[in-house]
Amino acid sequence: MPIRFKALSYIYNKDMPYAHKALDSVDLDIREGIITAIIGETGSGKSTLVEHLNALLLPSEGSLEVLDYNIVAGQKQKFLKPLRKDVGLVFQFSEYQLFEETVIKDVAFGPMNFGLSQQDALKQAAAALKLVKIDESLFNVSPLELSGGQKRRVAIAGIIACDPRIIVLDEPTAGLDPKGAREIIDLFVSLNRQLSKTIIIVSHDNEMVYNYCDETVVLSHGKVVYHGPTMELFDDKKKLKEFDMLEPQIVSFRNELIEKGFKLSKDARTLKVIAREIAGQVKR
Amino acid sequence: MSLIELKNVSYSYNDSTKAVDDVSFSVRKGDYVTIIGHNGSGKSTLAKLIAGLLPVKEGSITVDSLEVNEENIPQIRKRLGIVFQNPDNQFIGSTVRDDIAFGLENKQVPSDEMEAIVEEYAKKVGLTEYLNYEPQNLSGGQKQRVAIAGILAMSPDIIIFDEATSMLDPKGKKEIKQLMYDLAGGDDITIISITHDIEEVLQSDDCVVLSKGKLFMHDVPEKVFANAEKLRQIDLDVPFIENVRETFGKYKIKLKANDLKGMVEELCRSGSKR
Amino acid sequence: MNNLVFGKYIPIDSFMHRLDPRAKLIGLFLMIAAVFVPKSWWVFLVIGLMLALALLMAKIGIKMIVQSFKPMVMMMIFLMVINALTVKTGDVLFTVGPVQVYSDAVFNTLFVIVRLLLMISITTLLTATTNPLDLTLGIEWILKPLEVIHFPTHEVAMMVSIALRFIPTIIEETIRIMNAQKSRGVDFENGRLAEKISAILSLIVPLFSVAFERAYELADAMEARGYVPGAKRSRYHVLKFRFVDYLFILICVGALSFSILSRFYL
Chain A
282 MPIRFKALSY IYNKDMPYAH KALDSVDLDI REGIITAIIG ETGSGKSTLV EHLNALLLPS
342 EGSLEVLDYN IVAGQKQKFL KPLRKDVGLV FQFSEYQLFE ETVIKDVAFG PMNFGLSQQD
402 ALKQAAAALK LVKIDESLFN VSPLELSGGQ KRRVAIAGII ACDPRIIVLD EPTAGLDPKG
462 AREIIDLFVS LNRQLSKTII IVSHDNEMVY NYCDETVVLS HGKVVYHGPT MELFDDKKKL
522 KEFDMLEPQI VSFRNELIEK GFKLSKDART LKVIAREIAG QVKR
Chain B
3 MSLIELKNVS YSYNDSTKAV DDVSFSVRKG DYVTIIGHNG SGKSTLAKLI AGLLPVKEGS
63 ITVDSLEVNE ENIPQIRKRL GIVFQNPDNQ FIGSTVRDDI AFGLENKQVP SDEMEAIVEE
123 YAKKVGLTEY LNYEPQNLSG GQKQRVAIAG ILAMSPDIII FDEATSMLDP KGKKEIKQLM
183 YDLAGGDDIT IISITHDIEE VLQSDDCVVL SKGKLFMHDV PEKVFANAEK LRQIDLDVPF
243 IENVRETFGK YKIKLKANDL KGMVEELCRS GSKR
Chain C
796 MNNLVFGKYI PIDSFMHRLD PRAKLIGLFL MIAAVFVPKS WWVFLVIGLM LALALLMAKI
856 GIKMIVQSFK PMVMMMIFLM VINALTVKTG DVLFTVGPVQ VYSDAVFNTL FVIVRLLLMI
916 SITTLLTATT NPLDLTLGIE WILKPLEVIH FPTHEVAMMV SIALRFIPTI IEETIRIMNA
976 QKSRGVDFEN GRLAEKISAI LSLIVPLFSV AFERAYELAD AMEARGYVPG AKRSRYHVLK
1036 FRFVDYLFIL ICVGALSFSI LSRFYL
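Quick note, the sequences are listed as chains A, B and C, same order. Note that my numbering has the first sequence beginning at 282, numbered continuously upward. Note that my numbering has the second sequence beginning at 3, numbered continuously upward. Note that my numbering has the third sequence beginning at 796, numbered continuously upward.
None of these hints come from the bench; they were simulated from the model. The C-beta atom is built at its ideal place from N, Cα and C for all residues, glycine as well. It is possible that part of the hints are untrue.
Stated by the list, open to error - Computed, partial: chain C to chain B, Cβ under 10 angstroms: (1) Ala818; (2) Ala1010; (3) Glu1012; (4) Arg1030; (5) Tyr1031.
To be verified - Here are the simulated distance ranges between beta carbons: (6) C:Ile877 - B:Asn139: 43 to 49 angstroms; (7) C:Asp982 - A:Gln475: 29 to 35 angstroms; (8) C:Gly856 - A:Lys504: 32 to 38 angstroms; (9) A:Lys359 - C:Val907: 26 to 32 angstroms; (10) C:Trp837 - A:Thr323: 41 to 47 angstroms; (11) A:Ser306 - C:Glu984: 29 to 35 angstroms; (12) A:Thr323 - B:Gly264: 33 to 39 angstroms; (13) B:Glu201 - A:Thr323: 18 to 24 angstroms.
As the list claims (entries may be wrong) - DSSO-like cross-link-like pairs, simulated, lysine-lysine; straight-line CA separation at most 30 angstroms: (14) C:Lys1027 - A:Lys357; (15) A:Lys544 - B:Lys258; (16) B:Lys263 - B:Lys9; (17) A:Lys520 - A:Lys553; (18) A:Lys357 - C:Lys865; (19) A:Lys287 - A:Lys359; (20) B:Lys80 - C:Lys1027; (21) A:Lys553 - A:Lys519; (22) B:Lys263 - A:Lys541; (23) A:Lys411 - B:Lys9; (24) B:Lys176 - A:Lys302; (25) A:Lys478 - A:Lys544; (26) B:Lys173 - A:Lys504; (27) B:Lys173 - A:Lys522; (28) C:Lys991 - A:Lys359; (29) A:Lys478 - A:Lys414.
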């Protein structure tokens, strides 16, 4: 297991009258090489959870293993830099972190902080920008001149260029138009499938989670209330109701068909496959 | 009767590209109109032009036969409100109370009448218990409700929503959309909503599609979405139901129903081999 | 940021909280003058007792007042040292190394320190019991006479209240950007000068660009809701002097008179 939470709790403003337990004894193993979604209502502890992954927050109680690093409550951390290189965290509205005068310099900023020479950093930056489909003609313009979707992709390239083994994205599609959102989704899917990066996505978008995430973790009031295959969660009507989650439309459609007596295989999860399987069952 | 008329409106920020390019359409009184288009298609610029936040340089916009220009803007503002995308950047007062009162102060409503109005509109958006809250203690959805209350308190007959739900979580989106539908339900308020939310578009009376600053389509939502192929060309989403229709069409199954349940029934009727 | 006590508002309800901010501001000026004038310890004792009573009525613990002294400790020590080195009157009390410390040095220093502490306590009392927005309104009222020379009191007050409103938002944003840059390997605590500069730039530049964006959007939102700088507006918050406010000011006037008179009679 590359990531293992052990009875981890996190308390904001510890020892203050308004202390708040954001994570409550979380036990969680996240598998390597897959896309895992972390979902739950605002305030359920999602962001707090992911900010532990690269030690921006340190556990109040319990411990956390990430790759070869062991983070234990109350112990001083000595390996912050290598950990942060190996676990790349892309924040919500990440375009706001851009600050260098050119796109490529901004992307090279991370690798240089992690000790690469300027030349190597620029090389990695160029490769990362290519991956996020930013055209070479934009490398030397100011990040401020880009569109919202482009800025977001440049910010993500800033993390990819550090060559992390785990990439964590907090609400990567929030505030983008459908096209911008699709580009981001294509990006992390290809990071996972082609470069076999472990991807963790915090999201409110159930359709996206259903379509692209292998496993899903549901948080509620700082506790893990579900962790398992995404399909199993969305097939379970009782669970969806319990977690107050909207059923993706494709799931409603699939369920309706099955209810009416059509036979659909376990893999019939996209419209294309559903239509193909149904086509064999009706007269045309 | 058309309340808002745009005639050949163009606008460019710097001299280079036109953010809005020769757009003409009209909005009927009491309608709920959605404007869709990808980011950079000129939607927000258009909203700002109608609200008089940007000067109309080419073409003309009239609100109730009143030309939107410097002279008439104070008068138009009295009846037109705009809810912006970012909940934080339109929260002006220090508390919910103060923020709802902000517009009233500008309108020079007498001090002793304000309290009653503030409370009335806080109630309308369901925030009575939050009147003394500061913005940092409110959710995004609640902040947007405050913005709406502040605008409603000024009793406008036109409200523009500029991606008012796009930065909210699902709960906040639902809250604000419900509020918008309730407002649209009456005949007295005309709503223009800029959105990416397909489900919202389906609820509207009329839909304007923009692409690269130009008017791409303008029709009732059903007709707009019937052109799935055309919409995809400009990178827009179509409703799930249209995707179903299209995908099954490729397998020579023609579905005519307008909702999922209906489609499933159609499939059942077309007779299973079993 | 949470450790900063001086100037912090404590949102509770008390007699002091309910006083009109203008009365409290006037009271603050009167009391600070009253602390400045006297040469007698007796006056300090009286003012100290009044202050203690006011704190009690404001439901503010002594702990908070003591904490508000913290930032001044260095200054006090500095004062002590300077006085010990320069004041050479009175009796020699004790000797530290080559320096002989005279009684006047000690008493003068203590006198100045008590004066300072009283001033800080009075100011803390004001800020702790007055919501920043009310304070702004009070300051606006006091600056009103300056409108004769075309000083834009209302605009300034609006600016201050918006600045106050955005402080928590900007703190939140700062933390978020810092976290984002830390995730890109920035170390805000250690590092060489060049690294420190680049770390600070990576924080400041985004903060500014977000602040500008906010400013533009806020300006649009204000304009759309009918705000015109300099135009006449009505007021939602109307400050009203009540009997207790006059009484409060009267008591403060009394304290100042006592302190002035003390210079002649005590």
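Enumerated hints in conflict with the structure, sorted upward:
1, 9, 10, 14, 16, 23, 25
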